[in-house]
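Trainee: Please work from the sequences and hints to get the whole structure.
Protein chains in written order, with the working numbering: chain A, 1 to 239; chain B, 1001 to 1462.
If you're looking for bench data, these hints aren't it; they were derived computationally from the structure. The reader is advised that the hints may include incorrect statements.
Quick list of in silico lysine-lysine cross-link-like pairs, DSSO-like style, CA-CA up to 27 Å [as the list claims (entries may be wrong)]:
hint, chain 1, residue 1, chain 2, residue 2
1, A, K180, B, K1447
2, A, K180, B, K1419
3, A, K17, B, K1458
4, A, K129, B, K1447
5, B, K1169, A, K224
6, B, K1040, A, K24
7, A, K117, A, K24
8, B, K1458, A, K24
9, B, K1441, A, K180
10, B, K1005, A, K180
11, B, K1447, A, K224
12, B, K1409, A, K130
13, B, K1027, A, K224
14, B, K1390, A, K224
15, A, K180, B, K1352
16, B, K1419, A, K17
17, B, K1390, A, K180
18, A, K92, B, K1390
19, A, K17, B, K1441
20, A, K224, A, K17
21, B, K1352, A, K17
22, B, K1040, A, K146
23, B, K1419, B, K1441
24, B, K1027, B, K1010
25, B, K1126, A, K27
26, B, K1097, B, K1126
27, A, K24, B, K1447
28, B, K1430, A, K92
29, B, K1409, A, K17
The residues making up each chain are set out below.
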Amino acid sequence: MRVSLFIPCFVDQLTPKVGLATAKVLKRLGHEVEFRSAQTCCGQPSFNSGQWDVAREGAIRALSVFRGTEVVVGPSGSCVAMMRNFYPELLKETPHAAEADDLAARTFEFSEFLVKKLGVTDVGAKFAKKVTYHDGCHALRELRLKEEPRQLLRAVRGLEFIEADEGETCCGFGGLFSAKFPMISTAMAQVKGGALARTGADYVVSSDPSCLLQIGGWLSREGKPILPLHIAEVLASDV
Amino acid sequence: MSDAKSIFLKDATVNAADGDQRAFINKALGGYYTNRDLQKARYRDWERARDAASMAKWSAVNDLANVLEKFVANFERNGGVVHWARDAEEARAIILKIAEDAKAKAIVKSKCMTTEEIHLNDALEKAGFGVVESDLGEFIQQLRGEAPYHFVFPCMHVKREAISELFTKHLGTAPTNSPEELTMIARRHLRQLYIDADIGITGANFLIAETGQISITENEGNARLTAALPRIHIALSGIEKVVNHLDDLSVLLPMLATAGAGQPMTCYNTLYSGPRKKGECDGPEQFHLVLIDNARTRILADPEQRDSLHCIRCGACLNVCPIFKNIGGLAYGTTYQGPIGSVITPHLRGLKQWNHLSGASSLCGACTDACPVRIDLHHHLLHNRRNATKESPTLFDLAFHHGFTFVIKRPWLFALGGKIFRATLPLLQKLPLPYMGAWMKTRDLPKAPSQSFRDQWKNPNV
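Mentor: So, in structure tokens, the structure goes:
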């Protein structure tokens, strides 16, 4: 399959290793991987801030960037939810509605793509560590993904999987919410980060790099001995 | 910044930092989650039940004028008197007039959030009528002089010891830490009040159009006494509480109990069918129903958010909301707390003043999943944000998002901006920049890589 990568803007700039790991796994499975460098940000910060007019401009631009792709795969439940669920809402009753629906139908979150589209749960990875998982809310509730990442992790050789308390609780990121209401966001990070740290796992894995920014940022500040890791990085690993 | 917003920010900041109180609330809700899941599992299909409950409300709300008319005709046929109130002021005036005409000396009330919405107790007290809350939680809050913390569990934030002190202070009883004894103290105090009261004021959970009955759900039996013992019963209800059929309650009552309190059914579910009839030995002589709009028709006129009128006030969305759990119910400063409150308060009190509640959400969607009548709560928070930027845009927001969009529409500028951002990140983190400064106070950012993904992708060895 010809896979076009949809790399979140902050992954591009802050955690490029997540994008590289995503490409590595897909290539290892025999797929052709491209990255269209005209892509930037999906516009979710503006959309979530209520600035739908400017967010629409970003969405229309993204439609043209990904025009002609076979499938679009992104290592972020949140950014994929923007493209899958919210582009059609933003662009309904505009001349772009049909193209938005079309792009939505061929855009996948990384773990979803592997399990649901390709039917793969064992990608041949090896990672001999204790791992817990954080469900990003967009992956969980907008894309309805819960078992897919777990199936992938359970198939990783040597990996010990531990579920955490507060399983479906939000980490408190919420994009600009984390900076506009830092006190609430931090309290939420304490609840979530605390539960993750209590598992005694070496790593907290997620399919959402934005949640990992929040959780990892709080864990690091608090000096907790558990590190954030994207699921693509686990699946790309053979140690 | 609106007054409401600055108060909210202040209170939320204090409460979010209060680890003990947050732990207390979390613990209080712990039993609820267990019981709720236990009861949900007894449904053959909870999701289908949600569809049915939602449809029961949808069909009434989307034909509201006709269904209300039918209800009123049947209610009046049963001997009740209907009063229409456009807003809080009219509703208060109607109730005060009934109390004055009756030369009422004492009024007893059961739990009713709509009376909170119109600040009825204040109005009654100012007019010289004594009014006592008979729901235990509301009674405690009334003694504390505080609004309900949670619209189903009004005093869930108050520790036993504090209740004991409160009773000692106001009722002169001996201190005790036993919940049973505390309940008995309130019970003994309240019993005589029902007998002495001329008027009993209740709310209504459902108005049944086909029978003209009012359905009231409660756990303590106090609403039955409030409705049945005084010679006048006044019920106050929003117009959206009407449902078509008696049969609708077969799904709505158990779901209300399960979603809201983790119960199979609430202890007392009573249908009130009018005042005492000839030959009956009990019941009120007069039965008044005040039907209030108070901005509900404004919500009705908005097809996008109309489903928020489905709300049966079960409180499930509060119970699962991480914002509610971390800032507490009082910080909202609203009658209705939690996600449903954040959705509807801008309609009730003005978007400009109350949009901050829609902003104060990570949009996690736990509320929407918990809602037994499928209100699209977290997306309505987004809709409020969008409507607010149209209605009263702020210069900072406009500049920020237009600037951001200008950059992301130009990949070369995005790449250049990213490069500068990464190179200067150690310095930027030390500056009191908007947004970033707030982030850095409690969280670290990862070390910026020297090359972005797009830079590294150009390398053929990747």
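Trainee: Output the numbers, in ascending order, of every earlier hint that fails for this structure.
Mentor: Violated hints (numbers, rising): 5, 6, 12, 14, 21, 25 and 28; every other hint is consistent with the structure.
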